[in-house]
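These are the residues of each chain, in order.
There are 4 protein chains.
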Amino acid sequence: MCRWAAYLGPELFLETIVSAPCHSLVAQSHCALEAKTATNGDGFGIAWYGARPEPGLYRDILPAWSDPNLQSLCRQISSRLFLAHVRAATGGGTSRTNCHPFASGRWSFMHNGQIGAWGKLRRRLESLLPDALYDQRQGTTDSEFLFLLMLAEGLDQDPFGAAARAVGRVTEVAESAGLSPDLKLTACFSDGETLWALRHASDGLAPTLYTAQTPSGGRCLVSEPFDRSQSGWQAVPPESFVAIRPDGMTLRPFVPASFRLARIA
Amino acid sequence: MCRWAAYLGPELFLETIVSAPCHSLVAQSHCALEAKTATNGDGFGIAWYGARPEPGLYRDILPAWSDPNLQSLCRQISSRLFLAHVRAATGGGTSRTNCHPFASGRWSFMHNGQIGAWGKLRRRLESLLPDALYDQRQGTTDSEFLFLLMLAEGLDQDPFGAAARAVGRVTEVAESAGLSPDLKLTACFSDGETLWALRHASDGLAPTLYTAQTPSGGRCLVSEPFDRSQSGWQAVPPESFVAIRPDGMTLRPFVPASFRLARIA
Amino acid sequence: MCRWAAYLGPELFLETIVSAPCHSLVAQSHCALEAKTATNGDGFGIAWYGARPEPGLYRDILPAWSDPNLQSLCRQISSRLFLAHVRAATGGGTSRTNCHPFASGRWSFMHNGQIGAWGKLRRRLESLLPDALYDQRQGTTDSEFLFLLMLAEGLDQDPFGAAARAVGRVTEVAESAGLSPDLKLTACFSDGETLWALRHASDGLAPTLYTAQTPSGGRCLVSEPFDRSQSGWQAVPPESFVAIRPDGMTLRPFVPASFRLARIA
Amino acid sequence: MCRWAAYLGPELFLETIVSAPCHSLVAQSHCALEAKTATNGDGFGIAWYGARPEPGLYRDILPAWSDPNLQSLCRQISSRLFLAHVRAATGGGTSRTNCHPFASGRWSFMHNGQIGAWGKLRRRLESLLPDALYDQRQGTTDSEFLFLLMLAEGLDQDPFGAAARAVGRVTEVAESAGLSPDLKLTACFSDGETLWALRHASDGLAPTLYTAQTPSGGRCLVSEPFDRSQSGWQAVPPESFVAIRPDGMTLRPFVPASFRLARIA
Chain A
599 MCRWAAYLGP
609 ELFLETIVSA
619 PCHSLVAQSH
629 CALEAKTATN
639 GDGFGIAWYG
649 ARPEPGLYRD
659 ILPAWSDPNL
669 QSLCRQISSR
679 LFLAHVRAAT
689 GGGTSRTNCH
699 PFASGRWSFM
709 HNGQIGAWGK
719 LRRRLESLLP
729 DALYDQRQGT
739 TDSEFLFLLM
749 LAEGLDQDPF
759 GAAARAVGRV
769 TEVAESAGLS
779 PDLKLTACFS
789 DGETLWALRH
799 ASDGLAPTLY
809 TAQTPSGGRC
819 LVSEPFDRSQ
829 SGWQAVPPES
839 FVAIRPDGMT
849 LRPFVPASFR
859 LARIA
Chain B
599 MCRWAAYLGP
609 ELFLETIVSA
619 PCHSLVAQSH
629 CALEAKTATN
639 GDGFGIAWYG
649 ARPEPGLYRD
659 ILPAWSDPNL
669 QSLCRQISSR
679 LFLAHVRAAT
689 GGGTSRTNCH
699 PFASGRWSFM
709 HNGQIGAWGK
719 LRRRLESLLP
729 DALYDQRQGT
739 TDSEFLFLLM
749 LAEGLDQDPF
759 GAAARAVGRV
769 TEVAESAGLS
779 PDLKLTACFS
789 DGETLWALRH
799 ASDGLAPTLY
809 TAQTPSGGRC
819 LVSEPFDRSQ
829 SGWQAVPPES
839 FVAIRPDGMT
849 LRPFVPASFR
859 LARIA
Chain C
599 MCRWAAYLGP
609 ELFLETIVSA
619 PCHSLVAQSH
629 CALEAKTATN
639 GDGFGIAWYG
649 ARPEPGLYRD
659 ILPAWSDPNL
669 QSLCRQISSR
679 LFLAHVRAAT
689 GGGTSRTNCH
699 PFASGRWSFM
709 HNGQIGAWGK
719 LRRRLESLLP
729 DALYDQRQGT
739 TDSEFLFLLM
749 LAEGLDQDPF
759 GAAARAVGRV
769 TEVAESAGLS
779 PDLKLTACFS
789 DGETLWALRH
799 ASDGLAPTLY
809 TAQTPSGGRC
819 LVSEPFDRSQ
829 SGWQAVPPES
839 FVAIRPDGMT
849 LRPFVPASFR
859 LARIA
Chain D
599 MCRWAAYLGP
609 ELFLETIVSA
619 PCHSLVAQSH
629 CALEAKTATN
639 GDGFGIAWYG
649 ARPEPGLYRD
659 ILPAWSDPNL
669 QSLCRQISSR
679 LFLAHVRAAT
689 GGGTSRTNCH
699 PFASGRWSFM
709 HNGQIGAWGK
719 LRRRLESLLP
729 DALYDQRQGT
739 TDSEFLFLLM
749 LAEGLDQDPF
759 GAAARAVGRV
769 TEVAESAGLS
779 PDLKLTACFS
789 DGETLWALRH
799 ASDGLAPTLY
809 TAQTPSGGRC
819 LVSEPFDRSQ
829 SGWQAVPPES
839 FVAIRPDGMT
849 LRPFVPASFR
859 LARIA
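Protein chains in written order, with our numbering: chain A, 599 to 863; chain B, 599 to 863; chain C, 599 to 863; chain D, 599 to 863.
These aren't lab readings, by the way, just hints derived from the structure by calculation. Do not rely on the hints blindly, as some may be mistaken.
To be verified - Simulated pairs of lysine-lysine, BS3-like, Cα-Cα distance not exceeding 25 Å:
no., chain 1, residue 1, chain 2, residue 2
1, B, K634, B, K718
2, D, K634, C, K634
3, D, K634, D, K718
4, C, K634, C, K718
5, A, K718, A, K634
6, B, K718, A, K634
Same shape as in the complex, but just chain A (with noise of 0.2 Å):
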């Protein structure tokens, strides 16, 4: 399990959410009060847009807590759209390519969540990837492939759509592979423009997401409310697909795609 945040608004120090707060991303790297695990102390990232297209990400293997170089760059950065990660390992070891947030192209994607029976699915599910994206991969999470597999579902023209479809494939695979479906799966992506969020889980039991406005005048997306005296935390429902522009936030029930239905119909 992981912890995460994220913002869409007018342009921010990133440390206003990162790492300022009493109970910041980076405080929850050490004490998360909401996660199965408080410690998340399996590395970091941050992806942020600015004049061009593509993120900017950083990541690394250290605890959040105890990076100057995090405590610094979210102090000088700042940015009208950016997510941030502090991980707690489940599968997949310490390595900077195994730390979220994940980019490809002007595409950034981070996760709190995993795949169950990764290891027993791990070379089923990589090989519904499409050869190019196949090659983008460069670490061995579950985290990673659910980014490339929603890539390859098409992200780019159908952001809803593709979250759907990617979530059926992993059900289907698991299924034809004799086991329940397990899927935790509380995922924020971007392309620039928008955020998007997507809450599920295949029993029910999501990891937490809460939202809420900023003075700012923006909007963030995060694990847990990194500031208990700022009223306004709202929770995003289990079974929820949310997306953000700087015109207001849309939420809508989230729907897998049954890919076994289709087939018998």
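Go by the hints and put chains B, C and D onto chain A.
For chains B, C and D alone, kept in the frame of chain A given last:
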């Protein structure tokens, strides 16, 4: 605060104490039970004696729980005398040179505790070191300083006396700076033949220290027991000085040297 | 390209070959003389055999010349059989999982060379691996793949045949992809008892390989001699397969397996 | 020895100087042409000014050529004033706190050169620092010391005078220790408004320094030109002190302060 473990006895794979038991030192890096902080994720180190008079040294800044090198080294290396440490930084950044154990010639040293108001006292204290030892300083911690100070006070000739005088010096400097002495010192050190440990605090609240005989016929010293089911753990009382040699353990009360009284007399 | 060194014989401190000589492997990380690149600063690793059947493994991403842990480990650890490697990345980022040697069970493997057009062939080649070995893949290099492929081809039963078949498979896949085979393979591997090495290139220009008896009464295999003053260095000819055991060295011509001919017949 | 590059002018992506040109600073980390050592692989750092008076700081111990974070940061961050450095260690281990640039308040500093016999002079020199600056010391290099000494000598009020006095102090201490002064100092520093540089050596053989106007309408200072095809590189003469402001560059002879003469008079 930190956690540590040490061993003297018939040659043993390091993993027997460091990484294999259910509540091993590596497990304590993630969830210590008797420390002020459960997480000791700011680096780690091992020092072990083999065929040479000097110890081997392996230290790194990752959390002990996520370092595959540490796992492999502890499985492969066996030793008749070793020290191992997981760090929770109280002062001094996360760097290899701030990780314990420290080594100098045939000596090794590690520590759980701190010198209160280190920032205010650092310069005065460092000025106590003779040139040759000042030049050996690689990091910025109070712990490395205490090791060098004990060497300066004659660790080679008289370990008990050197520890007593080092504590006395720190006390003297704090008082001369108008501060209440605030020293916590549960330390362990060796010259490759004997294993010494000290449990002291100026307020009487020294970090915990336990000892037990091992099934291998040796003896270990630990911040907290690594195996709850193993009987025979013995708490080392506060204000004690322990010496372990192949032929047994001795324990005597620890009394810091008092330089003020000396001067009055 | 990379540099490596290996030893089999009476127990020896690793530093005797890895770090102490004037042109040791560590010195070669900074200024190799017979490699395409003088600098081999993209990480390093050692694998050594002791009391267990499996090797110990220490790998890190710093240049070998600046790692104090490596210096200390090589001074402290002695072994009858070890492999050591310094890396100049040709493909695959700088990460611990991309550092040599690689280990699996009692086997260890390291490599100097590359599979040409690895990016284009990676997916086809990885599909050759059986599930159990595919699951062991931790990094993204062609070198780790070659090790797993040799294991898949029966390294345990027939090292020469496994190497010959692995080279044949890579050649076959390159040709089936419409590419000229371009494989350089000066590799070294061990099961903890015997040390094997291979010097092969599809264009006849394989990286250099030397061997010599050591004053300790053992034998070493190296990319380039570590001591110009030591007489007795013998260049291993291209297209050779070497086996070193406590009772001596054998050398035979290496001929890749030809699957096309096999199919024609 | 090391290599560095700095820029002041209209906002520019850092990559324009640091990583994109054929002989960029990152390329120089691998194969510098005018340095004593071609390889500058012992860490790197960037300091850049943005909306705050203090610089952002990113430093790490990998070789610059292999750090994907550095690549991404230099592509994403633009700045009107930045310093960048690749290190070849002459003294002081490879650690982040020994990497340049160093920062204190709004000041940043980086250096190519060394204080001869640093090991023998370190303690005497460090005793020159006032308490507040001594407490800021994080690493063990002569370079960080020179920065702190210049701050102690009044960098805020009089950069030229502070540099002249710092060089004079080091000379004085070396002579009082019975050593011939041996200082090489091609340094660069900034308060966020002006960029200063100094080229000095006690033996007249100071490391190289060049300057050129950039197509962006700004000016850069570099250890060696990053683009051989770009015309307009101007070698800064030895014993010079350079100041670059948005309205232009001034260059004056550098003369160390002489404390001996002062005392005689």
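For which of the previously enumerated hints does the structure constitute a violation, in increasing order of number?
-> Hint check: 6 fails alone, others pass.
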